[in-house]
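Line by line, the protein sequences are chains R and B. So the first sequence is residues 1 to 202, counted in the working numbering. So the second sequence is residues 1 to 415, counted in the working numbering.
FYI, nobody ran anything at the bench for these hints, they're computed from the structure. None of the values given here were measured: they were computed from a predicted structure. Backbone N, C-alpha and C define an ideal beta-carbon position, used for all residues, glycine too. Worth double-checking, as some hints may not be accurate.
[Stated by the list, open to error] Derived coverage of chain B by chain R (criterion: at least 3 residues anywhere in the stretch with Cβ under 8 angstroms from a Cβ of chain R; other residues may be distant):
1) 100 to 113
2) 157 to 166
[What the hints assert, rightly or not] Here are some chain B residues pointing at chain R (derived, C-beta under 10 angstroms):
3) SER116
4) LEU118
5) GLY129
6) ALA152
7) VAL153
8) PRO175
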Amino acid sequence: MTVAALLAAGGFLGSAIALLSVGARGMVISALALGLGMGGVASLSGGVAAFFAVAGVGAAAAVLIAAGRFAPGLASGRWLLGRSPVVGRERVFDVRSLRLLVGIGGLMAARLLAGHLGAGTVSTQGPAFACLFAWEVGIIRVATGRGPSDLALGGLCVAMGTSTFLILSAPHSVLVIAVLTMAVPAIGLVLLTHAAPWETGS
Amino acid sequence: MTLAVGTVLYGLLAGAIWRWGARHWVLQVAGVLVALLVAALLAVHGLTSGRQKAQLVADGIGQMGLGRLAVGLLLGALAALALELVVAGKESLEAGATGLLVALGAPAAVVLTSDSLLVVAFATAVLMGSVWLRWQQIAGPQLSVRSLGRQAVIVFAALVAAAAILPSVRLGAAPSLLEAVLLAAASAGVMGVLPFSGWAGAVLTLGPRENAFWRLWMVPVGLLLEARLIAASSTAVATSLRELLIGLGLATALFWGARGLLGPESGRYSRILACDVGLMCTAVAFATVQGLAAALILVLAHWLAGGLFTAESGVRPRLLALIGISGIPPFGGFTGRILLVITAASFSPTLSALVLLVVGLQLGIAAAGMRANLASRPTTSSVPRELVGLVTALSTVILGVVPIQALQFLLGTHL
Chain R
1 MTVAALLAAG GFLGSAIALL SVGARGMVIS ALALGLGMGG VASLSGGVAA
51 FFAVAGVGAA AAVLIAAGRF APGLASGRWL LGRSPVVGRE RVFDVRSLRL
101 LVGIGGLMAA RLLAGHLGAG TVSTQGPAFA CLFAWEVGII RVATGRGPSD
151 LALGGLCVAM GTSTFLILSA PHSVLVIAVL TMAVPAIGLV LLTHAAPWET
201 GS
Chain B
1 MTLAVGTVLY GLLAGAIWRW GARHWVLQVA GVLVALLVAA LLAVHGLTSG
51 RQKAQLVADG IGQMGLGRLA VGLLLGALAA LALELVVAGK ESLEAGATGL
101 LVALGAPAAV VLTSDSLLVV AFATAVLMGS VWLRWQQIAG PQLSVRSLGR
151 QAVIVFAALV AAAAILPSVR LGAAPSLLEA VLLAAASAGV MGVLPFSGWA
201 GAVLTLGPRE NAFWRLWMVP VGLLLEARLI AASSTAVATS LRELLIGLGL
251 ATALFWGARG LLGPESGRYS RILACDVGLM CTAVAFATVQ GLAAALILVL
301 AHWLAGGLFT AESGVRPRLL ALIGISGIPP FGGFTGRILL VITAASFSPT
351 LSALVLLVVG LQLGIAAAGM RANLASRPTT SSVPRELVGL VTALSTVILG
401 VVPIQALQFL LGTHL
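Just need the whole structure built from these sequences, with the hints factored in.
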């Protein structure tokens, strides 16, 4: 197994964790796993700086979400969104089962599309697959979301996948804008993680 | 630099309106000040910066370039907001809504001026996300409001992904179609074209007053974004993008046309607007000057007449507004639609027939709306509102009779 394949597998694993996690603790783990996984993929082209840029955003988001439990000012979901009434609803599938089923479809689509995308001089089959899968995980979380935090995590997955792909394409010229792209949804995730969900249950 | 300073000052003024806008005269004075300030800044920026680049860039923050059309749309939206406040009178929009409507001008300006897809994605997310936050605050997580939140993230996702795969796009390659699908999804999401009905659904849930966010900012910004995306894309992408948007626009117009005809009286104007958004999307997707002009005439007609549906005005202003936007000659609504029919006819008789079908549906909706208004509304309202209704009707007649001159004067568009 080559280094590129190993790092791409790490990116895939981070996205898979973000796909299946639930709750505030799940958001912390997702942000950290995504940052580390996609940071590894970004380092293929951008080196150590790219790794620290991507992983740093993920780690910072994870720390701030965790700190939000003790510092209410960080968890501003309530004043941003008001008091959301929570509604219980019976579902045929558990939300994780649903995401897993759709995620398998996304995995196939990412596998098919990855070979068609070019990202600079890097051999893109594996790394592009990881980026595409992270993007798809974001869309799945948005589509199946049961609260504002799911939308924010979806945005972070999308931004991480896209930014990593941009770094693979042009590592030196896009680092700043890539970090900005990831930072905005990361801030959203920090603010919205503790907001009341729209629906109860799993 | 000028634009950055302008954006900061603009934000401060919007914040001031939000904070102290409960006193009515503050809103009026601040509205005029904002319009003057923005006009001055945009004029200075327009004189000192170069023309907008033809191609969008995938990486970096790109450059800002301000066209005459963008200036016209930004100032036009602010003028329409002022008209809305005058029409509403004592039942004016609350200070929070007015402040947000003014503040949204800053991200709207960035969407219209930046040549970086990533920056456009950020600004679009701010535009849509701000309105979603406000609506979730006042209405709670109702299904339609939740859908709008999802729609905002999907638009952001589509634009950033389109930026990332832009270098992979080449003639005949799979990424070209993917790029077109992503750009079409982004354009449709900003405007509220099917399958993204978040705007229409939320407005129907929240009532006519909140309609202003969609009508004043999202629709014109989405249309100009669509026009820019088509113009700045390669041939391979632009062809697929246009076909997708023509199909989605017509489907939206037919769907909301039927819903408007068969649905209840409440929210009828929102359904007319949703139907017209489909027509405008189709018009711009033809990628001709006539198509763009047709869409812009419809935007102007809704800016003029839409405010009359948000307040409890009497029967005459509402009737005049309905006539103005319904497609009865010689009003602006008719001119925009007939220009679209002519443009569609040059592409395909089937398209032209479908547009005519939608126009017929809209005439039916307007007729039903007029009958309902005559049957249920009081026949008189306050003198200022009656006057505003008359002025609005006169303006839509002027727009319909001299559309070329009106577009040239207001938006700098030459037919």
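Original post:
Which hint numbers does the structure go against, in order from smallest to largest?
Top reply: 1
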